[in-house]
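Below, each chain spelled out in residue letters.
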Amino acid sequence: MQKLTNKIKGNKLAQIILLVLYVLVTSLSLYLAQASVTAFLLLLFSLLLLYYTELPDRLKWVIAGVVLVGVIPFVSSTGPGYQSYMEVATVVGIYVAMALGLNIVVGLAGLLDLGFVAFFAIGAYTYGIFATGQAEKFMPFGDFPLSGESFWIFILIGCFVAALFGVLLGIPVLRVKGDYLAIVTLGFGEIIRIVFNNLDKPVNITNGAMGLASVKPPEIFGYQFVYPNQFYYIVLAILLFVILAVRRFEFSRIGRSWKAVRENEIAAQSMGIHLVRTKLLAFAIGASFSGMMGVVFAAKQTFVDPTSFTLLESITILVMVILGGMGSVPGVILGAAVITILNLQVLTEVTNYLNQLSLNGVISFPEALAPAKMQRFIFGAILIIFAIYRPQGLIPAKNPVFDEESLKEGSKKHRKEQITVEHDKGFQA
Amino acid sequence: MSILTVSNLTKQFGGLVAVNSVDITVEKGSITAVIGPNGAGKTTFFNLITGVYQPDKGNVQLGSTSLIGKKPHEIARHGIARTFQNIRLFSNITVLENVMVGLHKQLNAGIVGTLFQTKKVREEENRAQEEAYHWLEYVGLSQHLNEDAQNLSYGAQRRLEIARALATKPKLLLLDEPAAGMNPRETRELTEFIHRMREDLDVTIVLIEHDMKLVMEISEQIFVLDHGEKIAEGKPAEIRNNVKVIEAYLGKSAVTPA
Ligand SMILES: Nc1ncnc2c1ncn2[C@@H]1O[C@H](COP(=O)(O)OP(=O)(O)OP(=O)(O)O)[C@@H](O)[C@H]1O
Ligand SMILES: [Mg+2]
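Residue numbers (the working numbering), protein chains in the order written: chain L, 600 to 1028; chain W, 2 to 259.
A couple of the hints might just be wrong.
As the list claims (entries may be wrong) - A few chain L residues that face chain W, going by a derived Cβ cut-off under 10 Å, partial list only:
id : residue
1  : 653
2  : 998
3  : 1001
As the list claims (entries may be wrong) - Derived CB-CB ranges, DEER-like:
id : chain 1 : residue 1 : chain 2 : residue 2 : range
4  : W       : 9         : L       : 777       : 34 to 40 Å
5  : L       : 711       : W       : 244       : 51 to 57 Å
6  : W       : 62        : L       : 910       : 50 to 56 Å
7  : L       : 983       : W       : 152       : 28 to 34 Å
8  : W       : 69        : L       : 653       : 26 to 32 Å
As the list claims (entries may be wrong) - Per the computed footprint, the stretches of chain W lying under chain L, defined by three or more beta-carbons under 8 Å from a beta-carbon of chain L, are:
id : region
9  : 59-67
10 : 128-136
Everything labelled a hint here was simulated from the structure, so no lab data went into it. Ideal Cβ placement from N, Cα and C applies to all residues, glycine included.
Make a model of the complete structure from these sequences and hints.
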C-alpha cells in the first residue's frame, strides 16, 4: 500500500487516470442506480480528490468545470431523483458562497460575526419585494411585479444593497471588539429578522410574517428558470465569480491588510492601515456575496419569509467556516459542502433508514430517542469529533509560497539606486 | 534642524501620571536614546507620539505638523514607524508578507483593480514582493521569507519588526528596547546595524533601551525619564556622571556617601 501511494505521488499521469476512472465508475453507478445517494456523494467526492492531485491549477479548474457543468447534471438526469440531486447541489452552492463571504469577515479579518444571515435576508427581500406585487403597496410609481428578466440586474443590486448594509451596520458595530462584537452582530442579525417580520405596518413593505409569495422566476429571452437543475447553473456561475474574487482578494494588498488587522490591530495601524475602513471593507465584501445568493434564494424558493433567516442559520454558516478551516478557501468550500450535505442528505437518509428498521421491528427505539429527534444529536456529535481531532479545520489555511530566486533578482534590479549590495550581509546573527 | 518637537507632554492613567510635562527635541538625522528605570513612562511616551494614546496636555510636532488628535495610521503616513517592546508581529502570515504590510501605504491596489487583476495591480504586487525581499536582505532574514513570522527566533523577530518598520520609509524610527532578550554578540551587531541604518537611509532614530553599553556607544543625545518626568538630558558623557540619573537608577544612598 505504502509503495502504491508513493508511486502515485509525483506521477501526474497516474493521478489523471485514477481520477478519470473514479469519476467514470461513480458516474456509471449513479447513472445505473439513480436512487443511490451514495453514488451521488461519491461522485461529488471526486472534486475533493481533484483538489489533492498535483495537477497544474489550470487543468484542475478545467476538470472541475467538466465535472460540475457536464458530468454531474448529465448522469443524474435520467432518473426520478434528478431534481432532488440538483436541489442539493444548488443549496450547497448557495451555502458555499455565503461561507466564503463569512470567511472574509471571520477567517481573514478576524471579526466574529454571529448575524451573518442578515445579509442573505437583505438580498432575498430586495428581490422578493420587487419581483412580487408587494412593491405596489408602498412605491409611488412603477409597475410591479417586475418581470423575471430583472432578476439578472437584481443579482448586482442585491450585491450592492447587502454591501451597503454591511457598511451601515459595521459603523456602529465595529466600535466593539472580540466577544462584544460577536454579541452585537448576533443582536443585529436578530433585529433585521424582526424588522422584516414587523415591517407590514405602518407601511406594508415586507408583508410581515405572511412573507412574500409567488416571487417571479428568472427569465431570459422568454426562457424561464423554475427547476433546481436550471438554478444549478445560475448558482454555479455566481459561485465561480465568488471563488475567483475571494482568491484574488486573499493574496492582495487588501487581503494582507485584513490579515494584519486580524493578527495585531495596533501593529497594523502603525503600518498605516486604516482600521475602520479595512474592517468595513471586509464586512461589505463578505456581505455582498450573501446578498447575491439571497436574490437567487428568493427566486428559487419563489417565497420569502423571515423564518428562513434565524440565528441557527448564522451559526450554521459559521460552523461551515470553522469546520472547513478558518481563512482557508478550499477548506471553507469543503466545510460548507459537508455540512449542507450532512443536513440535507446523509442525516435524513440515516433517519429514514433507522425509521425503516424500527417499523420493520428490527430495532425498537424508545420515544425519547426517536431517530428524527436524534438527527441534531448526531450532527452535534460529528461537530465535536471534528473540533477535537481537526481543530485547524478540514483543510487548514495555507500561506503563499514566494519564489526566492526571482525575488532575489528583482530586489537587485529595483533597489540598486537606494542601497548598495555590500550592505546585504549586514546584521546577521 | 529638529524633526520632532515634544512640549509639555502629559498623560495620566487614573491617578498615575505616566508622562509629566515632558519637553524633548530630536535633531534630524540623529540617534537619540530615551532611558529610565522600569515604569518611568518611556513606552507611554512612544505611544503618545504614535497616536496609540492621546495626551492629556501638550504638543507633539513632526517637522512643522502637529500630530495631536491624529490616529495611529495617519501618524504612520506622516512618516513615523516604530517597533514594540513586546513584539507585535503578524504571527500567522509569512515573514515576507509581514514586510509587505509595511509597504501598504505605498501601494494603490483597490477593489476593482484587485478583482480584475489589472496589469498595474499585478506589477505593483510583484514590485512589492521584491521590495519586501530587499528589506529582508537588509536585515539578514531573506532566507526565512516563506516561514511564518511566529516561527522565527526571538532576535530574528526583532529584526523582522525593524524590516517591517523600514518598509514604510519612515523619516523617524522609534525602537522600543530593540536589544531586549539579545545576547551580547547580537547586541553588538545591533549597535552596528543601527549606525548603518542611519547612514544608508535618510532616517532619524529614537530608541528606548536598558542596555547602557549600547546606549552610551550609539546615542548622540540622551533623555532620561523617571516617574514620568524628564530628569536629565545631554550627551552620553554628561548623562553618565549626572547625579540625578544615578540616583534614579540606584537610589539616593548610591550618591550620598555612607
Ligand atoms: N494603558 C495603561 N493603563 C494604565 N496604566 C498604564 C498604561 N500603560 C502604562 N501604564 C503605567 O504607566 C507607567 C509607565 O509605563 P511605561 O510602560 O511607559 O513604562 P516604561 O518606562 O516603558 O517601563 P519599562 O522599562 O518597564 O518598559 C507604569 O506605571 C505603567 O503601569
Ligand atoms: Mg517600556
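Evaluated hints:
Taking 10 Å as the C-beta contact cut-off toward chain W, the hint placing residue 653 (chain L) at the interface is violated, the least distance being around 19 Å. Hint status for residue 998 (chain L): holds, given a least beta-carbon distance of 5 Å to chain W, under 10 Å. Because the smallest distance between the Cβ of residue 1001 (chain L) and any Cβ of chain W comes to about 5 Å, under 10 Å, the interface hint for this residue holds. Separation of residue 9 (chain W) from residue 777 (chain L) is about 36 Å and conforms to the stated range, judged on CB atoms against 34 to 40 Å.
Take residue 711 (chain L) and residue 244 (chain W): their Cβ atoms lie about 55 Å apart, and the range 51 to 57 Å holds. For the hinted restraint 50 to 56 Å between residue 62 (chain W) and residue 910 (chain L), the CB-CB distance of approximately 51 Å keeps it satisfied. A hinted range of 28 to 34 Å for the beta carbons of residue 983 (chain L) and residue 152 (chain W) is consistent with their spacing of about 30 Å. For the pair residue 69 (chain W) and residue 653 (chain L), the supplied restraint of 26 to 32 Å is violated, since their beta-carbon distance comes to about 57 Å.
Residues of the region 59-67 of chain W lying with their CB closer than 8 Å to a CB of chain L number 0, which falls below the three-residue condition for coverage. As drawn, the region 128-136 of chain W meets chain L at 7 residues by the rule of a beta-carbon pair under 8 Å; at three or more, the given contact holds.
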